[in-house]
Amino acid sequence: MAGITTAVAVLLGTPAALALARLQFRGKRPTQALLYLPVIIPEVVLGAALVTFFGAVEMRLSLWTVVIAHVVFSVSYVAIVVRARLAGLDPALEEAARDLGAGPFETFRRVTLPLAAPGIAASALLVFTLSIDDYVVTSFVAGVGATTLPLHIYSMLKVGVTPEVNAVSTLLLAATVVLIVLAHGLMRSGTRPESRREEP
Amino acid sequence: MRRIILALIALAAATALACGGGGEKQAEQEKTPARKLNVYIWTNYLPDDVLADFEKRTGIDVTVDTYDSNEALLEKLQSGVADYDVVVPSDYMLRILVAEKLVLPLDKAKLKGFGNVDPRFLDQEFDPANGHSVPYLWGTTGLGYDRTKVTAPLDSWNALFDPRYKGRILMLDDPREAFGVVLKLMGRSINETDPAVLRQVAERLKAQKALVKTYNSSDFANLLAAGDVDISHGWNGELAEVVAKDPKRFAYVVPKEGSTLWIDSVAIPARAGHVEEAYAFLDFVLEPEVAARIVNGVHYAGANKAALDRVDAAIRNDPSIYPPEEVLDRCELIRDLGPATQLIDELWTEIKAQ
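Listed in order, the protein sequences are those of chains A and B.
Note that the working numbering gives residue 196 to position 196 of the first sequence, counting from 1, and the numbers run on in steps of one.
Position in the second sequence (from 1) plus 1000 gives the number in the working numbering.
In short, the hints are calculated from the structure, not lab data.
Check before you lean on any hint, since a few could be wrong.
As the list claims (entries may be wrong) - Pulled a few chain A residues facing chain B out of the computed Cβ check, cut under 7 Å: (1) F54; (2) L61; (3) R98; (4) L100; (5) G143; (6) Y154; (7) N166.
Being a predicted model, the structure only gives us computed values, none of them experimental.
The beta carbon of each residue, even a glycine, is placed where N, CA and C say it ideally should be.
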């Protein structure tokens, strides 16, 4: 489920980042602000708002509403991380590609995408961890058959901390740490060639 | 690029790992048998074998989700888009659900086993004449203590006011429970509303504060188990876990003056999509044999009187689960006190701030 969330968030978030980094369009600033919103507002507010929304559109709570809710906050993280990566790239590289006769699509596929890939992968890892660990938003929007691991752990606590809770929590923590370290490594990898050259 | 591929492989592996547990369940759901039931219940409230029996006997495919607080349940039902067919709210929450018309009135003609319920738990203030609910499990507030440190016999709330245990006492951080202790010691109801009496109670609690190590209602059982306190005011479920792990060292008692009682009941949400199946489930858990197996599995006292002689003797005779009749007679449900609630909250703030 966290995998689906990640895929959808990356597919939606990357173009958003691309648009924000490369294009000038009307309403760019409000869009930017809007994108930061899910990161800034408290999770409780987001969860409550989402459940009200699902209620208003008569959408039955299920595992799918959990996915939708996770995508809502994940898209922001993807857009922010990928955008930071794109901002660090030299626009001259894309210009050069176009000079050499590459069309816009080819430029994107052979130049922009490979350069942005570490950022995209890092954001995917980040979002995956956020999704798999999330408790607050999930607890609001989970429906039938959607007791996720954090929800299950939390409800197990009612009868005291059992060895099972400890074991599962340890596994979850270890997986999270590994993913975050990977994501961090990716975000730093592949720095701009020029800046490397400038180094003494 | 190789790094990225590695990372993506790690991600895929993690996804597979995370989905592994859910995969089986999903496969089961895809078979879509004609009849389904979605149960939303407290953790550790429905033994797996009882559930499996219900599915086998009725052919109904049951999905169980768990919640950790009455408030979580309320939020789900209020959303209007949660597809649950059976829920198990506690007494005070049931009153709210009934008032907000979030649970269906019960047709007791459909429940053959309704007569098995102990009349003691029927027709309570939270759901008059049980128009909407069937009592399921119940429990008490009492004292958990460390027998290696508390050597004198302990059967009274007075222990919480005994200077011998100075700095070794934990009180629930809950005004109604704390006031209940003193009110019971005074021989009064825990639902006392007379302001003069409540002020008197507050004075005694202020005097007691010097003896109390901490006020805590989330972690009390663990603090007792860890040896941070010797006597803990608390709810029986959590304390029973501690006692079960080391019965030589720990014990739980419902003080002889009486205590507070809670009842969790089964009800059918107003928007349930599988009402017929929900009735089948309610009738199933009302069967004496099934009710006894539930009690044996979850170690909480059951409200089913006909089931009592089939409950394991060790549980049935355990005074921490089934307190003696005369003690139970002095136990009461916490009621909504109306305007007096505010006074109690104010006095509690004074006590805590002192």
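Status of each hint after checking the structure:
1. Below 7 Å, beta-carbon pairs count as interface contacts, and F54(A) has one with chain B at about 5 Å; its hint therefore holds.
2. Contact between L61(A) and chain B, as hinted, is supported at the beta carbon level, the nearest pair being about 5 Å apart and thus within 7 Å.
3. Checking R98(A) against chain B: minimum C-beta separation of about 23 Å lies over 7 Å; hint violated.
4. With 7 Å as the threshold, the beta carbon of L100(A) stays out of range of chain B, its nearest partner Cβ sitting at about 21 Å, so the hint is violated.
5. With 7 Å as the threshold, the beta carbon of G143(A) comes within range of chain B, its nearest partner Cβ sitting at about 6 Å, so the hint holds.
6. Satisfaction of the interface hint for Y154(A) is found here, the shortest Cβ-Cβ separation to chain B being roughly 5 Å, below the 7 Å cut-off.
7. Against a cut-off of 7 Å between C-beta atoms, the interface hint on N166(A) is violated, since the closest Cβ of chain B lies about 12 Å away.
In this structure, the hints that do not hold are numbers 3, 4 and 7, in rising order.
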